[in-house]
Amino acid sequence: MSRSSMREKNSLVVSKFFTLKGLRELLDSQAGFLMALPALVFAVLFVFYPLAQMFYLSLFRWNFVSPNMVFVGLDNFTRMFLNDQVYLRSLLNVILLAGQSSAIQIPIGVALATIILRYRRVGGLFWAIIFLPYVVSSVAVSLIWTWMYNPYFGSVNVFLRAVGLGFLARPWLGDINTALIAIFGTVNWIYIGLTTTMTIATLRSIPPSIFESARIDGLSGFQEFRKITLPLLKELIVVLVIIDIAGAFKFFDLIWVMTQGGPSDSTHVTTTWLYRAAFRASEPGYGSAIGVTVFIFSFVIVQLLIKFTRSRLTR
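Take the sequence shown: its position 176, counting from 1, is numbered 157 in the numbering used here, and each next residue is one higher.
Derived from the structure by calculation, the hints contain no laboratory data.
Idealized CB from N, CA, C, for every residue including glycine.
Hints should not be assumed to be uniformly reliable.
[Unchecked claim] Derived DEER-like restraints, expressed as beta-carbon distance ranges:
#1 Phe112 to Lys231: 20 to 26 Å
#2 Leu141 to Val116: 42 to 48 Å
#3 Ser194 to Arg142: 49 to 55 Å
#4 Ser201 to Val116: 34 to 40 Å
[Unchecked claim] Listed below are the simulated EDC-like cross-link pairs for lysine to aspartate or glutamate, each with C-alpha atoms no more than 16 Å apart in a straight line:
#5 Lys231 to Glu216
#6 Lys208 to Asp198
#7 Lys215 to Glu193
#8 Lys288 to Glu216
Could you build all of it, start to finish, from the sequences and the hints given here?
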């Protein structure tokens, strides 16, 4: 663009400020940008800048105190994958957490949603009960379950002893063989309510005429579920799987309150190990490197899942 044309454009913009009509046109043309500006500023300050800072710090060794940061290149990543067994175990725990969440919460949530919609009189109360753990503070829920798993007076062991299964009583969170299973039980107890609620919302959006036609055609309840309900829930199931995967990579508070990654670092996930490395061991560079891998893994997995789902749905 020549200087003369630029001057003409600038003078046109400036002249609009001196007429009411011109000012209105200028504001209308910039309205979309102005409305998005606060969100854009927020994203830059609290998403993109911290993300860039994390990538930058992952290339250095620092201890929060020293005024100098030592550039180490990819040494933090080499250490992570070749020498840090706890990090590799935390990755496995993330995979197990996401897998069991999808395998347990989705089938149970779909079944509960179907039952609630079929028995509406008592369904509303039952729905409120199972959704309540999700809306309660996760820290409070974690503390409650920590007390319930107490080996001496916890309700889990008290119940087992009361029904003659005392041989199964154990320190659930203190045993390396059961700590992760106990955490999974708490996670499912919290999030099944969310899965059920999302399924109910989806089922309510389906036209009732579809199910009425199925009943007229003589389909049984199971056939109706298998041939109509389940295919219509396919997109929701994909969304729930994505939520489970993304949630597993950023899961922190419940595990930190219940076990802090113990016993013997057996229940760490990537976020708890990141926190331990960055703030307990005063290695923000190494912690940032862990954060980089968490971001990359979760982003790639979710994108591949979305792409796979779109290809299946468009067939």
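Verification of the hints:
no., hint, in the structure
1, Phe112 to Lys231: 20 to 26 Å, "22 Å, holds"
2, Leu141 to Val116: 42 to 48 Å, "29 Å, violated"
3, Ser194 to Arg142: 49 to 55 Å, "54 Å, holds"
4, Ser201 to Val116: 34 to 40 Å, "36 Å, holds"
5, Lys231 to Glu216, "23 Å, violated"
6, Lys208 to Asp198, "12 Å, holds"
7, Lys215 to Glu193, "21 Å, violated"
8, Lys288 to Glu216, "13 Å, holds"
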